[in-house]
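Undergrad: Here's the letter readout for the chains.
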Amino acid sequence: MPGIRPYSIRQKLTWMNMLVSGAALLLACMALAGYELADFRQTLERRLSTQAQIVGTSSVTALLFNDPAAARNTLSALRAAPNVMSAAIYTAAGVVFAVYSRDGRGGGVPGQAVTPAGTEEHRFTSDQLILTRAIGFQGKNIGTVRIQSDLHEFNDRLLRYTGIVGMVLAASLLAAFLLSSVFQKATARPIMQLAETARVVSREKKYSVRAPVTGNADEIAVLITAFNEMLEQIQERDTALQAAHNELEASVERRTAQLEAVNRELESFTYSVAHDLRAPLRHIQGFAEALREDCANTLDPTALGYVSRVVDSTRRMDQLINDLLGLAQVGRQEMHFRPIELKNLVEDVAREVAEECPGRNIQWHIGELPVVDGDPGLIQLALYNLLSNAVKYTSPRDPAIIDVGTKRDDGERVIFVRDNGVGFNMKYAHKLFGVFERLHRREDFEGTGVGLATVQRIIHKHSGRIWAEAEIDRGATFLFTLEPRA
Amino acid sequence: MARLPLAAHNGPSACALAVALVISLALFAAGLSAQTAKPTEYEVEAEYLSNFGRFVEWPATPAGESFHVCVLGQDPFGAMLDAALKGQSIGDAPMAAKRVATPEEAAGCRILFISASKSAQLQAILTALAPMNLLTVSDVSDFTKRGGMIQFLPEGDRVRFEINLSAAQKAGLTLSSELLRVATTVRREP
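First to last, the protein sequences are chains A and B.
887 is the number of the first residue of the first sequence in the numbering used here; add one for each residue after it.
141 is the number of the first residue of the second sequence in the numbering used here; add one for each residue after it.
Derived by calculation from the structure, the hints in this document are not laboratory data.
Here a beta-carbon is modelled for each residue, glycine too, at the ideal position from N, C-alpha and C.
You may find that some hints are simply not true.
Stated by the list, open to error - Short, incomplete list of chain B residues facing chain A, as computed with Cβ under 8 Å: (1) Tyr188; (2) Arg194; (3) Val322.
Said to hold, decoys possible - Some chain A residues flagged as far from chain B (calculated, every beta-carbon gap over 12 Å): (4) Ser1067; (5) Lys1091; (6) Ala1189; (7) Arg1195; (8) Arg1201; (9) Arg1224; (10) Leu1255; (11) Gly1335.
Just need the whole structure built from these sequences, with the hints factored in.
TA: Structural data, given as structure tokens:
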């Protein structure tokens, strides 16, 4: 209902009961009192009419023989009627003949009154009933009697009725209130308990509670049962969902453990292989160099050229093994997180990289960089790889320009390394970070194809992402994210 | 009311005053005319004579006969009595006036007014009337003391009467208590 404020259903029911019973009772009482009062008014009229008739009959001789004293005497009998305030008898001509008044002063009696023969009329004013009646004798009109009655009795009764109606109403409303409190136990309480249960369910997400069931078979009971069934179904589904979730979690854990084990095996395998490959490689390298230097006089130039190639290959293989060991090391190594001043680190690494290739004209633009949390050794390794990569692929450029900075990308802080080198075809971007994957010929750019794989592994170990944007001959940009310092 | 427009331009209160003045003058004039129209003593007495019959229990009047109200001696009422009785009846008998010269002539009467002109012979007349059950009325002084039944007593501008109840009872007439109530005196012993 629009007009009613959000009272509880219990209050609404109480109000409804009280209003309905109050209205019904008030109507009934008013009808009864109204009927009684109308009836009493008629009784008053009849009584006054009878009195007028008696007075009239008794005044006939007084009027006929012009004896006002006798008429006054007759009128004075009205003293027995307490409601009569005043009365008067008039002659047929309408002149006052005899007057009676309760207070003895004759107030309120008009000097003249004529009533048509054989008639009687009455008139109610706010506090009086005035009745005039013709006095007839032998078919002749010989005078008029006029009686003026106050309505004390009527007003008293009206007051009494009002009091009774008020008392009955008050008592009934009290009874209605008490009874409705009793009956609310059967109606409102289950609804309120249901509402409370619903509140608990929605607030605490607790599906194990149940609304108390009533013994009745009414709509509320149906509602409660349906509600409880619904809760039961939700609870079942919840349990099933939880079980499925747990199952999934366990299976993920299992798989992860398996994968980790396999990964570890693979890493130690790589490490052992790489490590074990080094010893024979050293021998090959050592003897090949010895052959080139010690037996240079005995070997013809063709053989010397072959030996040089063996030496170059062994050196490259050694580099490759070193890189692979580094990559494996990244996987195996424990992380030691520390705050890192990224700008300082980048400047150090840039200096180091620049020193490794003297004679190159390189312009470094190192912007503002944040302080991040990470393993300093690994981050340094990643930066080293990225910067040497940039230096390597800008070798045809003079000057080579390398930018290091940060930018915002979708609200996320991204660190980038941009160069003006040869770039690459974005078609092959997905291969960029794979081990041994190379987008350029070895003849053009030296490399083992392990560096970017190492960088990706380090960034991933720091929960970051790395990707690249490039265009052929227009430079490449490597972008990565690092968790900010906690 | 034709004079009202004179006061009209003086505003409503002056107008009301004028109306009140005219009305009170009219009432005063009406009062004067009512006083001048006041009935004479004999008119009243004639009226009383026409009413007395209603408050007496009469023996039945034979069918076809009138209820006679008679005047013995010099008639002071004249046409006034006839006028008062005109159209009136007691029971089925119409009332009628009758002038008689002697008590004997009054044999058929029900009410007999004895004129003051007969006051000298009053005792003889009453004696003569004694066997007849008729109601005697007179304005002769001491009428009731001397055995008459109803005696008119002019009192200011009113006319009252006194009753000798035992005289009426002797004549076999029962007077209504209503009538006795308005009498100045009711004599119960002869």
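Undergrad: Verify that the Cβ of Gly1335 (chain A) lies farther than 12 Å from every Cβ atom of chain B, and report whether the claim holds or is violated.
TA: Per Cβ check, Gly1335 (chain A) is outside 12 Å of chain B; nearest 125 Å; holds.
Undergrad: Hey, does Arg1224 (chain A) actually stay past 12 Å from chain B on C-beta?
TA: holds, 112 Å
Undergrad: For the hint on Val322 (chain B), just tell me whether its beta-carbon gets within less than 8 Å of chain A.
TA: Cβ of Val322 (chain B) sits 4 Å from chain A, so the hint holds.
Undergrad: Hey, is Arg1201 (chain A) genuinely clear of chain B, shortest beta carbon separation above 12 Å?
TA: Holds, since 139 Å exceeds 12 Å.
Undergrad: Would you assess whether Ser1067 (chain A), listed as outside the interface, keeps its beta-carbon beyond 12 Å of every beta-carbon in chain B?
TA: Per Cβ check, Ser1067 (chain A) is outside 12 Å of chain B; nearest 67 Å; holds.
Undergrad: For the restraint on Tyr188 (chain B), tell me whether the closest CB of chain A is nearer than 8 Å.
TA: holds, 6 Å
Undergrad: Can we trust that Lys1091 (chain A) is non-interface, i.e. its beta-carbon lies farther than 12 Å from all of chain B?
TA: holds, 87 Å
Undergrad: The output says Ala1189 (chain A) does not contact chain B. Does that hold with a beta carbon cutoff of 12 Å?
TA: Answer for Ala1189 (chain A): holds, closest chain B Cβ roughly 155 Å.
Undergrad: Say whether it holds or is violated: Leu1255 (chain A) keeps its Cβ farther than 12 Å from all Cβ of chain B.
TA: holds, 106 Å
Undergrad: Does Arg194 (chain B) hold up as a contact with chain A if the rule is Cβ-Cβ below 8 Å?
TA: Holds. Min distance 7 Å.
Undergrad: Just want to verify: Arg1195 (chain A) was marked as not at the interface with chain B; is every Cβ pair farther apart than 12 Å?
TA: holds, 145 Å
When held up to the earlier numbered hints, the structure conflicts with none and fits them all.
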